[in-house]
Structures are given as structure tokens and as C-alpha cells.
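Given the sequences, and given the hints that come with them, work out the whole structure.
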Amino acid sequence: MTMKILILAGEQSGKIYEKRLKALLAHHDVRGYFDYGFKTSDLAVMGFWEVFRRIFYFLGVKRTMEGAIDAWRPDVVCTIDYPGMNLKLAAYAKSKGIRTVHVVCPQVWAWKKGRIPKIEASLDRLCCFFPFEPALFRPGFAEFVGHPLAAEFAGARRASSTHERARSIAILPGSRIGEIMKCLPVMLDAVAGLKGVEVSIPAANAGARAAIENVLSAKRFMGAAVTDGGARALLMTADLAIVASGTATLEAALARCPTVLVYKVSPLLAWFARRVIKDIRHVGLVNVIWEKMRPGSEDFPMPELLQEDFTAENVAKAISGWIESSSERAKASARLDEAVALLGDGHGAMERIANIVAS
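Numbering (the working numbering), first residue to last: 1 to 359.
Keep in mind that a hint or two might mislead.
[Said to hold, decoys possible] Simulated restraints, written as ranges between beta carbons of each label pair: (1) T237 / E213: 14 to 24 Å; (2) E120 / S359: 30 to 40 Å; (3) N355 / W72: 16 to 26 Å; (4) R115 / G348: 25 to 35 Å.
[Said to hold, decoys possible] No more than 27 Å apart at the CA atoms, straight line, and that leaves these computed lysine-lysine pairs for DSSO-like: (5) K62 / K4; (6) K39 / K264; (7) K22 / K88; (8) K96 / K22; (9) K331 / K292; (10) K331 / K317; (11) K62 / K22; (12) K88 / K19; (13) K39 / K19; (14) K39 / K22; (15) K118 / K317; (16) K19 / K4; (17) K22 / K94; (18) K292 / K113; (19) K62 / K96; (20) K4 / K22; (21) K118 / K96; (22) K219 / K317; (23) K94 / K62; (24) K96 / K39; (25) K113 / K264; (26) K118 / K4.
Hints are computed from structural coordinates only; laboratory data are not their basis. Note that beta-carbon positions come from the ideal geometry of N, C-alpha and C, so glycine has one too.
See the structure below:
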């Protein structure tokens, strides 16, 4: 039987999963945000003020997609991450008697555990990428499906570089314009004095590339190679990386690439986050896995520099040992191996999600 399936992914990482799900569900009638005129580059914005400034645009997105749900009447609405918008649309669909599945557990393990009943009321099923997440919800509601990224990297992790001094650095400033503008200038300042080291920066999309090139021009930073995509390939070959917080930090861990995680948001958002995030000490996904599954352990696998700690001097200090010593880079890679082993191999994750949606 052919089903009508609405798959909604609002950010770059979610679009990757959307593409794979569409391939697995190709014999069904599948639509997404794009079919209603919405681009990922417009939907993906960072921070409260950025969303507030475009509040009428996002209200329009919500109205349009609610109208699409009413008019098309899909059999299933599958939302992927992007919880601010997607969980509202899932709740709307469920209120109309439409089955709902959400992929990627909202980070209730970090903050707002009080949201759990609302999430359970908005969805029929929840597909979790981390093994500690299903226990947070009622029995049978949430399922650990494995992490798709783990399967993609299985058997493909590179060996540690053997040359003593690092020759290449991957800089990943994020895919959203706001985070690129906040993070990339500091990242560039951290490596500006290095000699004989190749700097590469992948651009997630055309808008990200324009923002990266604008920052490079403003900083008069010469010699950095900007690529169209290819972040994973860079992480597989670079000696080390500086990465803005997000899914890319997990990719760096899976690639065994010694990485320092950095991030900066507006002072107001930072103030708010520090008061509501109570149950974890870290933001990097690989560090969260370590913290949740090795309680009491220290020596976290990925250094984090956030807000006022995110300075060019601190980043330069964090990577200095990796720059000068292949043995230090090998130690960092081994720690990442220990952490990602806790995640499992991820084989069959997307197939499990497709089966849940189709059933």
C-alpha cells in the first residue's frame, strides 16, 4: 500500500537523514518543507533574537505547513530534529488524528525534563540516537535505533598521522550564518601564526560559503581553502580540527580527529542556558555520551571552550600539543575511540527508522 508521508527536516544535519529516509521510502508518496517552498538555509537560524527578528516568517511557515497537513492529510508525519518548529507541527498533526514519529530525541537530558510529558503527548513514537535516552520516557514510546553516523564511519576511521608536526587543520564554524559570524573570526585568529600548516574550511551551503568568504576577507586571512561541503573528508584527513558545537563534533570523534570544541552565543542566551542546563556539564555530544555512560569519569575526550573561554589564545593553547607531537595526537584519537565505542556501530539505524515510519 502506498502511504503519504510528510518528512520535515529544518537543518542541514536533518536534511541528510531526510534524504536517506526518502530513498528507503521511495515507493511511498513523500513530501517535505522544500515541496512547500521552504529552504533549509532560511529555516536554520541560531539563537532567540535571530528567531524573534524573523518571527513573522516562522509563523508563516507554521501556518503553511498546518495548511498542508489539513489539505494533503498524510498518513504519517515524520519530523527530524529541529524541535522548536517540528514538535509544534507534530502536535498539530496528532491533534488531527495523524500518526507522528520524531527522529532525534530533544535534549531533555540536558534541560527542561518537564517537557517530557508534552513530547509524549505530541508524538506516537520517538527514535533515539543515544542509548541512554529511551529510559527517560514511558515504556514503549522511545526506541534506541542506533546512530546513523556511527555506521557510516565503521571501518573507515583513519590511522593517526605519523609525521611529528601537524600539517593540516580543519576548521568547521557551523552551517548557520550567525554561528559562522560569531565563531570563525576567533578560530582564524587562533591559527593565524602557524607556519607550514594548511587550513581548510568546508561550507555547508552557498550561504555558508558567502559568510565564510566575508569573514576571511575582513580578517585578511590568506591561504585558507574553502570547499563546497566535504567536511567529513576533511575530518578523515586533517591532523586536527577546531569545530563549532553540533553534530560535526560527533563526526570528528567518529573520524578519530583530535578536536577542540568551541562555541559562542549571545550573552543573554548564555545567561539563560547557564540557569536551565542542570543535568550535564558538557555540550559536545561525544562528551555527553561519556558523561552519561561513564558516570564519575573525568578526562573527557574532547576539550570544550565556550563563551568567555572561547578566545584565540585558549584555542591556540588547546591545540599546541597536537600541533607539535604525533604521539599526543594519537592519544587524543584513542580517547575518542573509547567514547564512540559506547555509541555502538549504528548499523541498520536508518532502516529501523524507515520501518517505524512505514508501520
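Results for each hint:
For the hinted restraint 14 to 24 Å between T237 and E213, the CB-CB distance of approximately 22 Å keeps it satisfied. In this structure the supplied range 30 to 40 Å is violated for E120 paired with S359, their Cβ-Cβ distance being about 19 Å. The hinted window of 16 to 26 Å between N355 and W72 holds, with their beta carbons roughly 23 Å apart. Separation of R115 from G348 is about 29 Å and conforms to the stated range, judged on CB atoms against 25 to 35 Å.
Annotation: proposed proximity of K62 to K4 holds, straight-line Cα distance about 20 Å (limit 27 Å). The suggested pairing of K39 with K264 holds, with an alpha-carbon distance near 25 Å, which does not exceed 27 Å. The hinted pair formed by K22 and K88 meets the criterion: a straight-line CA distance of about 22 Å does not exceed 27 Å. Among the hinted pairs, K96 with K22 is consistent with the structure: their alpha-carbon atoms are about 24 Å apart, no more than 27 Å.
Proposed proximity of K331 and K292 is supported: the alpha carbons are some 22 Å apart, at most 27 Å. Note on K331 and K317: the hinted pairing holds, with a Cα-Cα distance of about 17 Å set against a maximum of 27 Å. Of the supplied pair hints, the one linking K62 and K22 holds, its CA atoms being roughly 22 Å apart against a limit of 27 Å. For the hint pairing K88 with K19, the CA-to-CA distance comes to about 22 Å; that is within 27 Å, so the pair holds.
A distance of roughly 14 Å separates the Cα atoms of K39 and K19; the hinted pair therefore holds under the 27 Å criterion. Proximity of K39 to K22 is assessed by CA-CA distance (about 17 Å); at most 27 Å being required, the pair is judged to hold. For the hint linking K118 to K317, the alpha-carbon distance of about 44 Å lies beyond 27 Å, and the restraint is violated. Annotation: proposed proximity of K19 to K4 holds, straight-line Cα distance about 16 Å (limit 27 Å).
With a C-alpha separation of about 21 Å, the suggested pairing of K22 with K94 holds against the 27 Å cut-off. Taking the CA atoms of K292 and K113, the gap is near 15 Å; set against the 27 Å cutoff, the hint holds. The straight-line distance between the Cα atoms of K62 and K96 is roughly 15 Å, inside the 27 Å bound, and the hint therefore holds. The suggested pairing of K4 with K22 holds, with an alpha-carbon distance near 12 Å, which does not exceed 27 Å.
As the CA atoms of K118 and K96 are separated by approximately 16 Å, the hinted pair is consistent with the 27 Å bound. The straight-line distance between the Cα atoms of K219 and K317 is roughly 21 Å, inside the 27 Å bound, and the hint therefore holds. Simply put, K94 and K62 have alpha-carbon atoms about 15 Å apart, close enough for the 27 Å limit, and the pair holds. Taking the CA atoms of K96 and K39, the gap is about 26 Å. The hint holds against a cut of 27 Å.
Distance restraint check for K113 and K264: the Cα-Cα separation of roughly 24 Å lies within the 27 Å cut-off, and the hinted pair is therefore satisfied. Distance restraint check for K118 and K4: the Cα-Cα separation of roughly 26 Å lies within the 27 Å cut-off, and the hinted pair is therefore satisfied.
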